[in-house]
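Make a model of the complete structure from these sequences and hints.
There are 2 protein chains.
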Amino acid sequence: MPEDIEKANELSAKKSEFSNWYSQALQVAEIIDKRYNVKGMNVWMPYGYSIMMAIKKFWDDLFQKDGIKEMYFPLIVPLEYCEQNESWWEGFKNEAFWVKGLEEKKATHILRPTGEPAMYPMFSIWIRSSNNLPFRIYETVSSFRYETSHTRPLIRDREITVWHEIHTAHESKEDAEDEAKKHEGFYDEIWEFLALPSIKVRKPQWEVFPGAVGAIEYYSLMPTGRVMENGSINNLGQAYAKKFNIKFKNEKGKEDFVWQICTGNGARLLAGVIAVHGDDRGLVLPPNIAPIQAVIVPIYSKKDMDKVIKECENVKKELEKECVRVHLDLRKEFPGSKFYDWEIKGVPLRIEIGSRDISQKQVTVVRRDTLSKEAILNNELKKIRTLLDQIQNDLLKKAQENLDKHTKTAAMKTELEKKIKGNLVKVGWCGSGDCWDNIKEIAEGVELFGADLKQKKGTCIICGKVSNEVGYVARTY
Amino acid sequence: MPEDIEKANELSAKKSEFSNWYSQALQVAEIIDKRYNVKGMNVWMPYGYSIMMAIKKFWDDLFQKDGIKEMYFPLIVPLEYCEQNESWWEGFKNEAFWVKGLEEKKATHILRPTGEPAMYPMFSIWIRSSNNLPFRIYETVSSFRYETSHTRPLIRDREITVWHEIHTAHESKEDAEDEAKKHEGFYDEIWEFLALPSIKVRKPQWEVFPGAVGAIEYYSLMPTGRVMENGSINNLGQAYAKKFNIKFKNEKGKEDFVWQICTGNGARLLAGVIAVHGDDRGLVLPPNIAPIQAVIVPIYSKKDMDKVIKECENVKKELEKECVRVHLDLRKEFPGSKFYDWEIKGVPLRIEIGSRDISQKQVTVVRRDTLSKEAILNNELKKIRTLLDQIQNDLLKKAQENLDKHTKTAAMKTELEKKIKGNLVKVGWCGSGDCWDNIKEIAEGVELFGADLKQKKGTCIICGKVSNEVGYVARTY
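Protein chains in written order, with the working numbering: chain A, 740 to 1216; chain B, 740 to 1216.
Check before you lean on any hint, since a few could be wrong.
If several chains are the same, the list does not tell them apart, and a pair holds so long as it fits within one copy or across any two.
[Stated by the list, open to error] As a list, the in silico DSBU-like pairs of lysine-lysine whose alpha-carbon atoms are at most 30 Å apart:
1) Lys808 to Lys1071
2) Lys1060 to Lys1179
3) Lys986 to Lys1077
4) Lys1055 to Lys1042
5) Lys921 to Lys1049
6) Lys1112 to Lys920
7) Lys804 to Lys1056
8) Lys1195 to Lys754
9) Lys1071 to Lys993
10) Lys981 to Lys1147
11) Lys796 to Lys921
12) Lys808 to Lys1077
13) Lys981 to Lys912
14) Lys1071 to Lys1137
15) Lys1077 to Lys795
16) Lys981 to Lys1122
17) Lys912 to Lys993
18) Lys844 to Lys988
19) Lys1042 to Lys1204
20) Lys991 to Lys1055
21) Lys804 to Lys1049
22) Lys844 to Lys773
23) Lys1071 to Lys986
24) Lys795 to Lys808
Hints were generated in silico from the structure; no laboratory data involved.
Structure below.
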């Protein structure tokens, strides 16, 4: 749609200048437009928004199929709700967007930075007895944080758009733990759907919400070798229930606080896909989320134009029957220019049809991920469906291989120092906060960001004591 | 879900105490919860939100099928965007929610009261030439207005949730008019889908946006006899384009401002459905938007419980095959109590299955709209799908008959005065602002709210001059 934005020939090299590449790719592929004049807030363009909506549809189906119900809570939260959990409020107060009407002297409301203070006061009204449990809901909504640090579209925004939060409440610690397990399963499905392998870590106690039992976080390995947090599962224990007075009577009539789980993620899922799969020509979209899975580009001269276009329309109809999301590009541009545009946008397959193809009863198909070309016979167009599945699988495999390749292990501090550049490094860790902090001294930005869920006996890379934990070290966003 | 809210035996009579009935019905049917502690902002409950999402899905499909693309613009708008159209800003300034970060001295941003100031500065960047036109987009989003008058859930909120706005830009006045016509067609489809007949009027020039060419508005006739605005189509002409500098070069290289259309509507669609179709027992939902179209209630004693439940499960499976959204209610409650709950929620069909039904190879089906009961044989369960279609049609027919019954005509002022109570009255109107204002003197709250789209020769009911307009008079919300 926009005509005057930078063109892809101005795209930076992805590998060497990732930050520039990312910012340019989002703009030229028409994911977002950053020219909206509020820091950290962007316009979702139709192409980008339809990708994000495909991702949302996946999580809607995933959660609802499991009986998690969708709700909507107001975006404006009164101060009295926020202050019910003073440690939550302490953490978000400085980043709050304050809201008030013209006549009001003092702002007494904020825009929601997270869901808890909007939701949990209502939970305490709704939840009365075991009959109301488990209580499992989610919403997809914007969150707002007055970020003082550098903002980056879809990764760190002041309006965090298309953000989902699941919140559940349970009778017992065990029920809550079972719920958390379920969410690990949801995440597995999400990563497979997006062809986006991830790193799953357990956070140590000092990194979880105050009073909470534990947290799992997911990370994506970015092309810079840095890792980006990409979703979390928080086991809140009874910490929030106690603050917000969410109690239930069990079957014996005894009152207790509920046990809670919450999870959240959003547009970073797309940011991860773009960062991991893109190349110097632009985006490479997994077919599952591509608004256009195959674009047909007619190759014609004045002479054979009608014939070629008619054939393109036939092929389009055939592919629609196979449930391929297909687009026929009839713009008055040179084919090369069209190729270029659709490559930037990451369309998984390009189908070229010219007179030569027609005479040979075939179409020429070019894969966006490998740029490889093959002819497919007109009576075998069903193969295109198979090819899309192939691309989806190949992207996942390739990304997994890349993640494996950049996952190193180090037994000594010197080895860690050597391997950390561009990699994620697994090390022995005694589990102490001292050694956690100590690792930060390796280099600017480097940190131990969590532990493997499976324990393994070894030696702490810092203090040399016996360790049960495998710690993950990398530069983080 | 909530247990401690008012039960439906406390529902007011719909006809005589509509306002109480409406407020209670929304709460007990679990559409929204009004106990969220911010004036004019409510929580959407899972049941209510899934109805609203069904309506949203309908409009998403309707708009997108026609090529109107979905986008998302930030909810926060900088003052400099607002001030580009000073007459728009004049109208919304006092109702704005102002937003600021903790460190900011003075608020320089607001929450969007409507879409124009967020969208049109971007339109002026994107639209350059005829190639970019027509430009047709929409978004579904919250709007915020610091209403000082009485708020009423889904009808007048401070956070106006699930609100869609379509905005289009065109090369010529004629193209824009064609677009507006198209939207009349969209509205026709929406009213039919919702079984909600509406009143369509043209607004006089002094009631449209300053500088705009014209506006069509839709109204729903509420049970009180008052009419509620329920959607609009605005022909903005070039008025906004001139304010926001949205220009294009035509094929001859000449520059001109675009011609614009915008439309908007949202949760009032559901408010209309609830108000028009509900009765003293609660909601009556059209099958098209009912999250549960048929609820199965087993009727058993201890002795035959297993057998009855097994049969219920079989029937559920059968109906799912017919794409009926069906729910089996296995709660440990008396059947009467279950009937009661599902009647409040407006589920179109109740299916009772007991031992007697099983022995007669049938189910007993009760319609929510008519409360009539019939037996359907097990080998004719397909009839339930037909019955749902029947209910959908009957609801539309009944609502249309009611609207017709309450649409009167009056030739004299005294006749208007007599007929206005509980009715909508069509009168001759000369088209002047004086007579428009004069009609307000008939009674408190009464007004001429628009003219029929078809002109008809007659006599103005106020001044007696020759008139071409048929004016619509009623009490309005």
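Here's how the hints hold up against the structure:
1. Taking identical chains as interchangeable, the C-alpha atoms of Lys808 and Lys1071 lie at most 30 Å apart only when they sit on different chains, with a minimum of 22 Å there against 47 Å within one chain.
2. For the identical chains of this complex, Lys1060 and Lys1179 are neighbours neither inside a copy (56 Å) nor across copies (59 Å), given an alpha-carbon limit of 30 Å.
3. Taking the shortest Cα distances, Lys986 and Lys1077 sit within 30 Å of each other only across copies (26 Å), while inside one copy they are farther apart (61 Å).
4. In this assembly of identical chains, the alpha carbons of Lys1055 and Lys1042 lie at most 30 Å apart only when taken from the same copy (22 Å versus 61 Å across copies).
5. Taking the shortest alpha-carbon separations for Lys921 and Lys1049, only the inter-copy value of 29 Å comes in at or below 30 Å, while the best intra-copy value is 50 Å.
6. Proximity of Lys1112 and Lys920 under a CA criterion of 30 Å is satisfied in neither setting, with 43 Å inside one chain copy and 46 Å between copies.
7. Taking identical chains as interchangeable, the C-alpha atoms of Lys804 and Lys1056 lie at most 30 Å apart only when they sit on different chains, with a minimum of 16 Å there against 32 Å within one chain.
8. For the identical chains of this complex, Lys1195 and Lys754 are neighbours neither inside a copy (34 Å) nor across copies (71 Å), given an alpha-carbon limit of 30 Å.
9. Proximity of Lys1071 to Lys993 under the C-alpha cut-off of 30 Å is restricted to the inter-copy arrangement: shortest distance 21 Å between copies versus 74 Å within a copy.
10. Taking the shortest Cα distances, Lys981 and Lys1147 never come within 30 Å of each other, neither inside one copy (42 Å) nor across copies (60 Å).
11. In the homo-oligomer, the alpha carbons of Lys796 and Lys921 lie at most 30 Å apart both inside one protomer (19 Å) and across protomers (28 Å), since each shortest distance falls under that limit.
12. In this assembly of identical chains, the alpha carbons of Lys808 and Lys1077 lie at most 30 Å apart only when taken from different copies (21 Å versus 43 Å within one copy).
13. For a Cα distance limit of 30 Å, the shortest separation of Lys981 from Lys912 inside one copy, 14 Å, qualifies, whereas the shortest one across copies, 62 Å, does not.
14. Taking CA atoms no more than 30 Å apart as the test, Lys1071 paired with Lys1137 passes in neither setting, with 36 Å inside one copy and 52 Å between copies.
15. When the C-alpha separation of Lys1077 and Lys795 is checked against a cutoff of 30 Å, the pair qualifies only within one copy, where the shortest distance is 29 Å, while the shortest distance between copies is 34 Å.
16. Taking the shortest alpha-carbon separations for Lys981 and Lys1122, neither the intra-copy value of 58 Å nor the inter-copy value of 52 Å comes in at or below 30 Å.
17. Only within a single protomer do Lys912 and Lys993 lie at most 30 Å apart by alpha-carbon distance; the minimum there is 16 Å, versus 71 Å between protomers.
18. Within a single copy, Lys844 and Lys988 get their C-alpha atoms no closer than 42 Å, and across copies no closer than 48 Å, so neither meets the 30 Å cut-off.
19. With identical chains, the CA atoms of Lys1042 and Lys1204 are never at most 30 Å apart, being 79 Å at best within one copy and 66 Å at best between copies.
20. With identical chains, the CA atoms of Lys991 and Lys1055 are never at most 30 Å apart, being 64 Å at best within one copy and 34 Å at best between copies.
21. Proximity of Lys804 to Lys1049 under the C-alpha cut-off of 30 Å is restricted to the inter-copy arrangement: shortest distance 22 Å between copies versus 42 Å within a copy.
22. For a Cα distance limit of 30 Å, the shortest separation of Lys844 from Lys773 across copies, 26 Å, qualifies, whereas the shortest one inside one copy, 34 Å, does not.
23. Taking CA atoms no more than 30 Å apart as the test, Lys1071 paired with Lys986 passes between copies only; the shortest distance there is 23 Å, against 66 Å inside one copy.
24. In this assembly of identical chains, Lys795 and Lys808 lie within 30 Å of each other by CA distance both inside one copy and across copies; the values are 14 Å within and 17 Å between.
Violated hints, in rising order: 2, 6, 8, 10, 14, 16, 18, 19 and 20; the structure is consistent with all others.
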